[in-house]
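Residues 1 to 129 (the UniProt record's numbering) make up the sequence shown, in order.
Derived by calculation from the structure, the hints in this document are not laboratory data.
All C-beta atoms, glycine included, are put in the ideal place defined by N, C-alpha and C.
Certain hints may be false.
Said to hold, decoys possible - When the alpha-carbon atoms are kept at most 30 angstroms apart in a straight line, the in silico DSS-like pairs for lysine-lysine are as follows:
1) LYS26 / LYS40
2) LYS112 / LYS26
3) LYS18 / LYS113
4) LYS33 / LYS44
5) LYS113 / LYS44
6) LYS113 / LYS33
7) LYS44 / LYS112
8) LYS18 / LYS44
9) LYS18 / LYS40
10) LYS26 / LYS44
11) LYS33 / LYS18
Claimed, not checked - Listed next, with one range per pair, are the computed distances between beta-carbon atoms:
12) ASN84 / GLN104: 23 to 31 angstroms
13) GLU27 / GLU118: 19 to 27 angstroms
14) ASN82 / LEU117: 21 to 29 angstroms
15) SER74 / MET116: 36 to 44 angstroms
16) GLU20 / SER97: 33 to 41 angstroms
17) GLN81 / SER39: 16 to 24 angstroms
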Amino acid sequence: MNIDEDSRDATESCQPLKIEANEAVKEVAFAVKSVEISSKIPPKEDEVFLNLCTLEGETYCVELSLQGFRIVGSEYDTIDQNINCRHFETIYSLLDSVSPNYRQTFGDALMKKLSMLEGDGGDEPMSQD
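Please model the entire structure based on the sequences and the hints provided.
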């Protein structure tokens with residue numbers, strides 16, 4: 001294997017985490033002030049960093065690795081080696097632990113979706129042919 005193949009393998013192995021990070025950004029954007037993949041901390045083979053601001057105005061740098069999501073800094077693009085936070089399996093569980101307003105917003109969005117489903121014919125009798 002030559003150097004070009006090695007670098008391509010490293011880039012390709014980073015892709016699943018970057019894809020997951022992009023999906024996490026899309027999925028929670030409605031329930032936070034802001035969230036984006038860090039442009040100052042480049043993704044590595046085994047980690048990607050997100051900048052996150054909760055509805056309460058708290059800022060975090062969040063690491064996504066194979067172990068999950070964890071807070072690594074209290075400012076954007078900052079890794080604080082003194083922070084020793086636990087890993088969360090999902091971005092939802094991380095947000096649930098740090099943002100009461102996220103919980104409320106998520107619950108409200110869920111109720112709205114359930115109401116919409118109910119309104120889409122949940123009370124109509126099924127036709128029999």
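To see whether the hints hold, each was checked on the structure:
| no. | hint | verdict |
| --- | --- | --- |
| 1 | LYS26 / LYS40 | holds (20 angstroms) |
| 2 | LYS112 / LYS26 | holds (19 angstroms) |
| 3 | LYS18 / LYS113 | holds (28 angstroms) |
| 4 | LYS33 / LYS44 | holds (26 angstroms) |
| 5 | LYS113 / LYS44 | violated (37 angstroms) |
| 6 | LYS113 / LYS33 | holds (21 angstroms) |
| 7 | LYS44 / LYS112 | violated (38 angstroms) |
| 8 | LYS18 / LYS44 | holds (9 angstroms) |
| 9 | LYS18 / LYS40 | holds (15 angstroms) |
| 10 | LYS26 / LYS44 | holds (21 angstroms) |
| 11 | LYS33 / LYS18 | holds (21 angstroms) |
| 12 | ASN84 / GLN104: 23 to 31 angstroms | holds (28 angstroms) |
| 13 | GLU27 / GLU118: 19 to 27 angstroms | holds (23 angstroms) |
| 14 | ASN82 / LEU117: 21 to 29 angstroms | violated (46 angstroms) |
| 15 | SER74 / MET116: 36 to 44 angstroms | holds (37 angstroms) |
| 16 | GLU20 / SER97: 33 to 41 angstroms | violated (19 angstroms) |
| 17 | GLN81 / SER39: 16 to 24 angstroms | holds (21 angstroms) |
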